[in-house]
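Quick note, the sequences are listed as chains A and B, same order.
For the first sequence, this note's numbering gives the first residue as 1, with consecutive numbering after it.
For the second sequence, this note's numbering gives the first residue as 1, with consecutive numbering after it.
Just so you know, these hints were derived from the structure itself, not from any lab.
Glycine is no exception: its CB is placed at the ideal position from the N, C-alpha and C atoms.
Watch out, some of these pointers could steer you wrong.
Unchecked claim - What follows is a list of derived Cβ distance ranges for each label pair:
#1 Ser-51/A x Glu-108/B: 40 to 46 Å
#2 Tyr-10/B x Asp-53/A: 28 to 34 Å
#3 Gly-1/A x Glu-108/B: 37 to 43 Å
Stated by the list, open to error - Some chain A residues well away from chain B (every beta-carbon gap over 12 Å; in silico):
#4 Val-4
#5 Ser-14
#6 Ser-28
#7 His-74
#8 Ser-79
#9 Lys-107
#10 Thr-112
#11 Ser-114
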Amino acid sequence: GDSVTQTEGQVALSEEDFLTIHCNYSASGYPTLFWYVQYPGEGPQLLFRASRDKEKGSSRGFEATYDKGTTSFHLRKASVQESDSAVYYCALRTMQQGTGSKLSFGKGAKLTVSP
Amino acid sequence: DPKIIQKPKYLVAVTGSEKILICEQYLGHNAMYWYRQSAKKPLEFMFSYSYQKLMDNQTASSRFQPQSSKKNHLDLQITALKPDDSATYFCASSQGQGRNNQAPLFGEGTRLSVL
Chain A
1 GDSVTQTEGQ
11 VALSEEDFLT
21 IHCNYSASGY
31 PTLFWYVQYP
41 GEGPQLLFRA
51 SRDKEKGSSR
61 GFEATYDKGT
71 TSFHLRKASV
81 QESDSAVYYC
91 ALRTMQQGTG
101 SKLSFGKGAK
111 LTVSP
Chain B
1 DPKIIQKPKY
11 LVAVTGSEKI
21 LICEQYLGHN
31 AMYWYRQSAK
41 KPLEFMFSYS
51 YQKLMDNQTA
61 SSRFQPQSSK
71 KNHLDLQITA
81 LKPDDSATYF
91 CASSQGQGRN
101 NQAPLFGEGT
111 RLSVL
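Make a model of the complete structure from these sequences and hints.
Listed below in structure tokens is the structure:
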């Protein structure tokens, strides 16, 4: 079945550091890819999505590029702030005839940014 | 103002009892979903509905029954509760069909504890 692999479980950085959170996927079709962010006590919020190869998604200084060749969608930010501390989830969606769509999430990466 | 309302925010239940988790969305979306998040597993898809029709069910147990009485409602009935059902249950919704389906937006969740 479709799956998403996030290798970093915890990421600890200082303010103004560069962030990379890795995301690789496995899917039988041509998935749409997403990054969501979740703050404590809240539901996941969409950061951005990408639907086709080489498409770049971006929001709030975060960005990721859909790479079908390496089946990756790595999240990057040039300079993190303390307010970016949260859990980041990579997800994919494939469409299936007659069954609508569902998101498959990675295990999430908890980012902690120190001042 | 929250556009996806989940009630209650916290719920404590005893093993063997039955509870209903409420979800209403005021976004005019045609598709609604339930996801579960626990300490053991990341965000996990449970059900999807489109125009009040069940599209996909990834929940093995029949103890979990979604109920859609209105177009913007998708409640979740859980019977014969077990401690393993303890999790945060998120309702989500989206608009569109097929590959143009928007990214799901999530509610703030209902945190269920089964004693």
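Cross-check of the supplied hints:
no.	hint	verdict
1	Ser-51/A x Glu-108/B: 40 to 46 Å	violated (27 Å)
2	Tyr-10/B x Asp-53/A: 28 to 34 Å	violated (43 Å)
3	Gly-1/A x Glu-108/B: 37 to 43 Å	violated (29 Å)
4	Val-4	violated (9 Å)
5	Ser-14	holds (27 Å)
6	Ser-28	holds (15 Å)
7	His-74	holds (18 Å)
8	Ser-79	holds (26 Å)
9	Lys-107	violated (5 Å)
10	Thr-112	holds (18 Å)
11	Ser-114	holds (25 Å)
Of the numbered hints listed earlier, those contradicted by the structure are 1, 2, 3, 4 and 9.
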